[in-house]
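Chains A and B, in that order, are what the protein sequence lines are.
If you read the first sequence in the working numbering, its first letter stands for residue 1, the second for the next number, and so on.
If you read the second sequence in the working numbering, its first letter stands for residue 1, the second for the next number, and so on.
Please keep in mind that the hints were generated in silico from the structure rather than gathered at the bench.
Model, not experiment: these values are computed from the prediction.
Within a straight-line C-alpha distance of at most 16 angstroms, the following computed EDC-like cross-link-like pairs (lysine to aspartate or glutamate) qualify: (1) 122(A) to 54(B); (2) 122(A) to 93(B); (3) 55(B) to 22(B); (4) 79(B) to 54(B); (5) 171(B) to 197(B); (6) 178(A) to 8(A); (7) 122(A) to 88(B); (8) 171(B) to 88(B); (9) 354(B) to 295(B); (10) 55(B) to 125(A); (11) 79(B) to 125(A); (12) 79(B) to 153(B); (13) 55(B) to 70(B); (14) 79(B) to 66(B); (15) 79(B) to 136(A); (16) 354(B) to 285(B).
Calculated from the model, a selection of chain B residues having no Cβ within reach of chain A, i.e. all distances over 10 angstroms: (17) 7; (18) 13; (19) 38; (20) 62; (21) 130; (22) 177; (23) 258; (24) 337; (25) 354.
Note that the Cβ used here is the ideal one computed from N, Cα and C, for glycine as well.
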Amino acid sequence: MSLPGPADLAAIRLTLALAATTTVFLLLLGTPVAWWLARSRSRATGVIGALVALPLVLPPTVIGFYLLLLLGPDGPLGHATSALGLGYLPFTFAGLVTGSVVYSFPFAVQPLQNAFAALGSKPLEAAATLRAGPVDRFLHVVLPLTRRGFVSAAVLGFTHTVGEFGVVLMLGGNIPDKTRVISVQIFDHVEAMEYAEAHWLAGTMVLLSFLVLFLLYRRKPDA
Amino acid sequence: MPDSDSGLELRLSLSHPGFTLDVDLDLPGHGVSALFGPSGSGKTTLLRAIAGLEKNASGTIRINGEQWLDGRWSLPTHKRALGYVFQDANLFDHLSVRGNLEFGFRRAGTARQTHFERTVDLLDIGPMLTRRPATLSGGERQRVAIARALVTEPRLLLLDEPLAALDHARKREILPYLERLHTELDIPMLYVSHAPDEVAQLADHLVLLHQGTVLAHGPLRETLARLDLSEAFGDEHTVVLDTRIGLHDDDDHLSRLDFTGGSILVARRPEATGSGLRCRIDARDVSLTLHASEDSSILNILPAVVGAIADTRNPANVLVRLDAGGTPLLARITRRSLRRLGLAPGMAVWAQIKSVALLG
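Given the sequences, and given the hints that come with them, work out the whole structure.
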């Protein structure tokens, strides 16, 4: 087995940066959506819930394809980003983050939504009668009591982003150092019949993913 | 109508699907007011609305001069200086007992450390401060919940059936603490309950709720003895006497309790002569005779005058209101006895009291 080359290391670095950035956005955007889905009695929760879950069932290429159209020069979001001076997002790191957030959204929202639903409104009511305002309640009651939900959301969002391929390929292409992530790099190795290099990267991913999931599921419920 | 700056002015309405609460109440700004009624009568909803936990309440809430609700404008719950004790304690599991107490204490700003310590003593929380709520018994959790509400020095304490989730032994464990709050703290309390014995023990003022409206309210003694409300109490008619220990008889191990219009004898009490003692006399424990019986084993036989007579849920029985020298009593007797004795309002009778429950 050969050691990883500079292209492999660059792909690993890029993947970790992408997954970390994506996780931050997943938690920032997923928390209010999950909160609303868990607590609103609005009928719109059905529609939004289905939309959020859509990436679970769609082929990643479908998501990547539509994002490419939406974010491209002829897409409405493309017009918007261009007007804001951000340029066009496809084939950039920002584009990959956007695609990854959409693709991994249900993996972050669902653990949070379950945690918020299980929490119920009673601890919040108790906190309100003890002089805690809305932000105070979220920080000092909701966060500590749903910590496990946040950890699950972050871990699943991170690992799922590391493992994506279709969306990245459609939206990011295969630009070294910019959009070439581990999964694409493995694909390239296999295409070039470089099985030893492919093994090295693929095997590492299997091991790391297993370790992370093992740590996540090993924890006792309510510990 | 009480002075608007020293009382609880509660005029509010709200509706849920299938339920409407419509309440217009002026309650005293001190002592314990019990909200009593069957389940579904709106007791808890009223309490939650006073706390600002019911979103669509509208009307007026003024607590000792402070406006909490005005039309649709509502002061947010966290800005209302209240303490709320939930039916199931509702402690924060991620905090220790001390953390739970300090949660509100820190945020209340004006609360004093001496008051914190006094409350911890009052409810005997000291030994549990470092424990987690999950390791406490039901009774202990409820004591912590009461202390947590009290350390914020609220202007109003709201208690939502704090004993309902507890078994009989645990209730006995908590009641003395509630009794202590009553006598040692000067905070108005609203106490939701469907248990007549709790109400008789703790309340000064009684509010009867039925299907979201106020059926009646007034001072506890008078309201309990009202025959027109007998339906609301089911079969648990009772009166409450506020007595003072007049004499201890150490030969027979008895104590004499004096009240307006008479006295009763009970088993020797540990309290000193002169101490106040509340007791409860259930209507089913009072029987009537036309002559003072000289050969009865019953100790407490009081002269009384028959007042009104009312039907009870059970057609075999009637409820007789008596006036024992100014103190109202209720006797539940059979319809046959009523006819046999020829009882009618204004008649002088003797009330034989079989048992007296002492409420401490």
